[in-house]
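Protein sequences, first through last, are from chains A and B. Be aware that the first sequence starts at 54, since it is given in the working numbering, and climbs by one per residue. Be aware that the second sequence starts at 1040, since it is given in the working numbering, and climbs by one per residue.
In case anyone wonders, no lab produced these hints; they're calculated from the structure. Misleading hints may appear alongside valid ones.
EDC-like cross-link-like pairs, simulated, lysine to aspartate or glutamate; straight-line CA separation at most 16 Å [unchecked claim]:
id	chain 1	residue 1	chain 2	residue 2
1	A	Lys194	B	Glu1144
2	A	Lys161	B	Glu1144
3	B	Lys1385	B	Glu1396
Note that the structure is a prediction, hence the values are computed from the model and not measured.
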Amino acid sequence: MNPQKRIAIYGKGGIGKSSTASNVAAACADEGYNVMIIGCDPKSDSSITLLGGKRIPTILDLLREGMEIEKEDDVVFEGYKGVKCVEVGGPEPGIGCAGRGIIVAIQKLKKISESMKKMDLIIYDVPGDIVCGGFVAPIRKGLVNEAYVLTSGEYMPLYAANNICKGLSRINTKLSGVICNSRSVSREEEIVSKFANEIGSELVAFIPKEQIVQDCERDGYSVLEKAGDTDIAEVYRSLARNIMASDCAVDPRALTDERLRELTR
Amino acid sequence: MQQKNLSIMHPRPSSIVAALYTLRDLNVEVAILHGPPGCSFKHARLLEEDGIRVVTTALDENGFVFGGHDRLVDMLQKVEERFSPKRIGVVGTCVSMIIGEELHEAVMEANLDAPVIEVEVHAGYNDNTKGVLFALESALDVGIIDRQEFERQQHLLSEATNVEKKYGAASKEYLEPSRGDVKYTVAKRVIEMLKAGKKGICILNAKKETAYMFADITVALQEVAKKLGVEDNIVNFANLDTGLGLPRVRQHAEHILADMHDNVKIDEIIGGLDEYPIAGQQVRQLIESNYRDFDFAVIAGVPHAIPMEALEGMELISITNGPRQVHPLKDMGHEHVLVEIDLHPKTLGVTNIVESEFGATLRQLAREE
């Protein structure tokens, strides 16, 4: 048996991390892997397209009610093809401390979840901005062993991706690849590919911008479930295979601001 | 899923402090508090009287904002250079846990020779025994205690928590602190009963080092009974088993027994000094089989852990060190409840029995007889 893959997908907010994570999860489930997706964003929208558009109670929802969570059925729900879905949840915006919320929820999950150990792939869908210590809890608690960076060819997402690379080396996490979620800007694949190479990694997938992704999302489904025979579904499948086979994670070398700007010009 | 606990208004013991005391019991020489300079100040200071050094990373506003990883690594190295301890503890605080500090990373980076017990704890737990548990878990991880001792402690802690919730300071939403009954009046009553030829059981059921003072009551009662020529009317129970608990706790029992020497004979050992939450069962069995006809009981330490059925028909004189334990004990049916104020600080760093106020009162009244 292959060792368990525990990955986190990082990238600028709004760049498509949750979309990518849930489509990859669905593609891996199609291949017969045991997959778990853990949404670490207080918005708790990572697993929604795996659950036919429905929301599940989050770990922090239950803790807020004062419930003592003792078994995993309370917070782990099966979605598309048995993908196990967990949402950390969080406080209302502007109140309390979402970072601490992630720490508490992750500790709780680790304690009660038996099926986590049996997974072939666990995807942590983390918020775009690592604004405080809590947001790296999955990594710090030894739960994540590989990271992927998601970006488009636009300057700001690349800038964010470059910053994330600095952060990854600080927390001793290896980068397994860069994924481009296209915004249809000029020379996009070339720019992101070059960026990936210069930081010492590689471009593992180029996801073209397609209306079908949005349409499926609006209906509450992954592309794999609703439009499995499209080209873009094939892109997700190929990314999923790449992730499951990957064995060449690196310590990324972040670029200087000047070099990054040159690259995108 | 379970509903959460009763919300208690009065201040409760801190899990951070509980972790510090546990590190002391594990013979840690230096404990580093990772957090603000004032956190747990009073107890940190007291613990220094008991042979464990407590230092702090003194996180300030900048530390809260930018993290305190480097400060902790520095502090670990400074501690090694300055004190060369054989065993070190690192204890979290509310602030360091909220901002997500990883104690383990700093410990790995500092790379010291001495074993380090890491305790990720803050003071936000309803049961302060969580702090003890986390410290013991970590001690188990680094091989300082074995699994058997860990499981034994785990059981005792859960029993201690139950006792506190049922009969102790965690039993009500709010408990008024009280100094209890006047010691002079109660001492007079005890002497009156002894003179009337009544038979009494003296039960020492104390928590760890607090026994250094609670044991004085056993000694005083024995002296007074002897003076009155009725020492055969008193039997002594004590949780002074020298073969149970962490080495430090066993040592307390040895010290106390040595100090009692020939003056006091302990008739029944009811457990170790960390077994105060469960020793009540032993007491119940002993009384049921041998001491049913006794008239009164003097119970010192954790009297609320002794089941009331066992004490049926006896007049109860109970001595606690918790001002918030007075009302719960009265509610349980203990006629006389006394408080040894500030007992704990006086029992740190000692190896002999320390005079108690009630013991002193008994002795003085007996002299005046």
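How the hints compare with the structure:
1. A threshold of 16 Å between alpha carbons decides the hint, and for A/Lys194 with B/Glu1144 the separation of about 10 Å falls inside it, so the pair holds.
2. Taking the CA atoms of A/Lys161 and B/Glu1144, the gap is near 21 Å; set against the 16 Å cutoff, the hint is violated.
3. Restraint check for B/Lys1385 and B/Glu1396: satisfied, since their Cα atoms lie roughly 12 Å apart, inside the 16 Å limit.
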